[in-house]
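Asks: Sequence:
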Amino acid sequence: MADATDVSTLTDEPGETGAGKTGAGKTGGSGAGGVGGAGVANGAGATEATSGAAGANGGADGADRRWDDGLIARHAAGHSGAGGVAVTVGVEGIDGGTAARADAHQPIGGAYEGPLRARLDALRELVGLSRTRIEGTALAEAGRVLDEASTRQRLSSRHTVVAIAGATGSGKSTLFNALAEVPISETGLRRPTTSAPIACVWSEGAAGLLDRLAIPGRLRRKPLAGGDGDEELEGLVLIDLPDHDSAVVAHRDQVDRVLALVDAVIWVVDPEKYADAALHERYLRPLAGHAEITFVVLNQIDRLPGDAADQVLDDLRRLLDEDGMALGEHGEPGATVLPISALTGRGVGELRGEVGRFVQERKAAARRLSADVDAAAARLRSVYVADGRTGLSERSRDEFAERLAGAVGAVATGEAAEREWLRNAGRACGTPWLRLWRWYERTRTPGGGVRPAEVIVEDELTARQRVEQAVRTVADDAAAGLPRPWAQAVREAAVRGAVGLPEALDELAVTAGPPSGRPSRPAWWPAAVLVQAAMTLLQIYGALWLVGQIIGVLDPGIVPPVLVMLGGIVGGPLVEWACEAAARGPARRYGQDAERRLREAAAGCGRAKVLDPIAAELMRYREVREQYSTVSGLTR
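Using the numbering used here, you'd call the opening residue of the sequence shown number 1 and step up by one each time.
These are calculated hints, taken from the structure and not from any lab test. There may be inaccurate statements among the hints.
What the hints assert, rightly or not - Cβ pair distances, simulated, as ranges:
no. : residue 1 : residue 2 : range
1   : Glu507    : Arg622    : 30 to 36 Å
2   : Val499    : Ala260    : 43 to 49 Å
3   : Gln469    : Ala275    : 57 to 63 Å
4   : Asp387    : Val495    : 19 to 25 Å
Just so it is clear, the structure is predicted and the values come from calculations on it, not from any experiment. C-beta atoms are modelled at their ideal positions from N, C-alpha and C, and glycine is treated no differently.
Full structure from sequences and hints, please.
Replies: This is the structure we're talking about:
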């Protein structure tokens, strides 16, 4: 078997990117100077490497959009503010070296098509719309997925990065060497044997991918004969990882870092540790949604006698099923489970064939990214999916307006206006003698002059409390069922809008109440006044006639003057009573009109200050909910 070939100088083909080649031929060149350069200099974590790549290559094309709170359902271009989640989605290197062009908002994922591209665009939009409402920690995973999508699409789409992971003594390195057909990774009894990720590349052009993984040149190898004649694995980048259960913390950190960046994973388990809780709880269960890019191989089956291998394999499938990981059986998409013996070569050929078909499909990166989007959507479900129907019902709006009307005293003002109209009718149509008596009473009572209809304004503290209660109630109704961040945003919008609302309602009680002075009179009032005057003249005429008879000036005859005088005396109150009865309808309408105007003014003030801001928040939630539906695949 030939010795391993050191490919420390392995580089990408000039100008190669995930979507094509740049016009200048430099974008996808050496990974150390391009994508992932920061990660190579500091291989401590994948996040720094990815952020470095996005920052170096995103430029103006990575400018994101955020919500403009001043315009409902509109967006303004700009970078993330302080404390926000910076999501850089670059498109550098696409369309022949036009990375610096003015089209800074080109949709992400130039190398992705169909539903995946739509989901990535929706996720980017979702992050931009939610940045001022959702905590940065909740959006961090979504931002990482977008950064990884942008970075991966700029790298080689002809290569598939597959990591081999497993526990101490599971035979990872032995399997790695068996697939490469050359002893690349060190094997032995000393633990841990593998201390750093080692790469084996079956074709040229993968340097950018390896730079992204922060694998130095001294740990990059080629398979037997440089991969020539091994067409089924052409494009494969195989990574041998340290033990995920290593006693060295740095080894476990490297495993976690690389697993977050590779396109697929081959989990190697042995008959002793295949049911290890650390493996299932820390890796397999959380990555159950990545079943289509997962291989689980039961190694060391040569150590199992008889049909014990089949029993262990069945139990392994059961555990994977309990982890929620779908199994790719009977043509269904899911994880591939195989028994092998890397030491004797049993089953390695079958695994090699499965991996070869997987690599030649060239869909691993898209599948991995789709699974990452699924995972990000699942984590965000609690902050976007409401419990039941959301929104502000007409009943809640009407109840809010009713509470404001009560706070401004609309009903009492209407009743006062009605009483004032009736008093005015009584003054106009009453008998002169009764009017003289009322005038006399007013002169004896201080401040007894003619007053306009009374505007009822409740005690300031009570009215303010009613307004605050109305605002709290309508905010709670609007926030009912919303996820916590959006419910909080609705309540905050209502509280901000309610500032100054009690004072505005007090002013409305004066300006929108009944007009000062006497109410307008109906057309029949002059006739009623004339009739009342006629009744008064009859009383005076009958009295003078009777007095003339008494003093002998006129001929005696007491009956006629008495009848005339009685007619005036009885007719006056009758006219007054008839006028009061006729005035009740107009008075009621006058009071209702005063109440209606005050109600409408209070409702309009409450709508502008409280309901409109609440509606704006609900509209914003509906927009992000639609984007989340696209991200989660509910609209697919």
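Asks: Are the hints correct? Go through all of them and say.
Replies: Do the hints match the structure? See the list:
Range check, Glu507 to Arg622: about 34 Å between beta-carbon atoms, so the 30 to 36 Å window is met. Between Val499 and Ala260, the C-beta spacing of about 46 Å keeps the proposed range 43 to 49 Å intact. The supplied range of 57 to 63 Å is met by Gln469 and Ala275, whose beta-carbon atoms lie about 59 Å from each other. For the pair Asp387 and Val495, the beta carbons lie near 23 Å from each other, so the given range of 19 to 25 Å is met.
Every hint, counting from the list given before, is met by this structure.
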